[in-house]
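Participant: Sequence:
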Amino acid sequence: FNPNNKQYKVLNSWGNYNLGTTEYRVFTLGTRKWRRVHGGPAFFAQRESICIGGIIFFRSWTTLGTNGGLAVLVSFDVQTESFRVINLPRGAPYNVATSSLIQLKGRLIIADYQIDSEGYCLWVVEDYWNEIWTQHYVFFPLCLKKTITGHNVIVSGSIDTGEIIMAPQCLSAPFTPFYVYYCNLSRGHFISVKIFGLPDYDAFDTSSNNVAITNYVENILPLS
1 FNPNNKQYKV
11 LNSWGNYNLG
21 TTEYRVFTLG
31 TRKWRRVHGG
41 PAFFAQRESI
51 CIGGIIFFRS
61 WTTLGTNGGL
71 AVLVSFDVQT
81 ESFRVINLPR
91 GAPYNVATSS
101 LIQLKGRLII
111 ADYQIDSEGY
121 CLWVVEDYWN
131 EIWTQHYVFF
141 PLCLKKTITG
151 HNVIVSGSID
161 TGEIIMAPQC
171 LSAPFTPFYV
181 YYCNLSRGHF
191 ISVKIFGLPD
201 YDAFDTSSNN
211 VAITNYVENI
221 LPLS
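Numbered per the UniProt record's numbering, the sequence shown spans residues 1 to 224.
Keep in mind the hints are simulated off the structure, nothing from the lab.
In silico lysine to any residue, SDA-like type, Cα no more than 20 Å apart, as pairs:
id: 1; residue 1: K194; residue 2: I165
id: 2; residue 1: K145; residue 2: Q169
id: 3; residue 1: K105; residue 2: G53
id: 4; residue 1: K6; residue 2: E81
id: 5; residue 1: K9; residue 2: I55
id: 6; residue 1: K105; residue 2: Y182
id: 7; residue 1: K145; residue 2: A173
Turn these sequences into a full structure, and let the hints guide you.
Facilitator: Quick look at the structure:
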């Protein structure tokens, strides 16, 4: 979303393993076709993204395939349709299976939630243009460790009040409560909320067990 002209766009990429190239296309909401955009890096984009202030961020491998490649952060300006490659700091997570991209108060954060059972680590982009990062640790209070441990809790996003949301990746097993956790970084407060009415984990239909959390609800508009 470009806040300057209120325009919505969708960015997609296709990697060609044989040619070692990547093709990027943009779909502008209100039009009827995809447009090819040039200048994008020939990287293998991981299937994640987040848009902050009119800029789309996603992590990529520098080669088409993970063997021998480095992980970098790629940004795409929705208004100018230009790309930029940003180096990840040493030690920052690169795997989407153990970390996630979120935004908090307009800043991009890579949340690493697989360090240990004591808490998680946040890598915050303090200065986008100068590529300045800071690292912060968030430790779970003792009262929450029992409910968090063993439930594969991940950092799911944030809300406008400045709180980070944590939730299990999958539905809970039968007779096991489902919790969502809110973390206020400035105050160091944690709040756990028990959610009722969700279906139980279905071992025979694993595709229906995934949980997704957003901080807003919009109308669904078909693009066809």
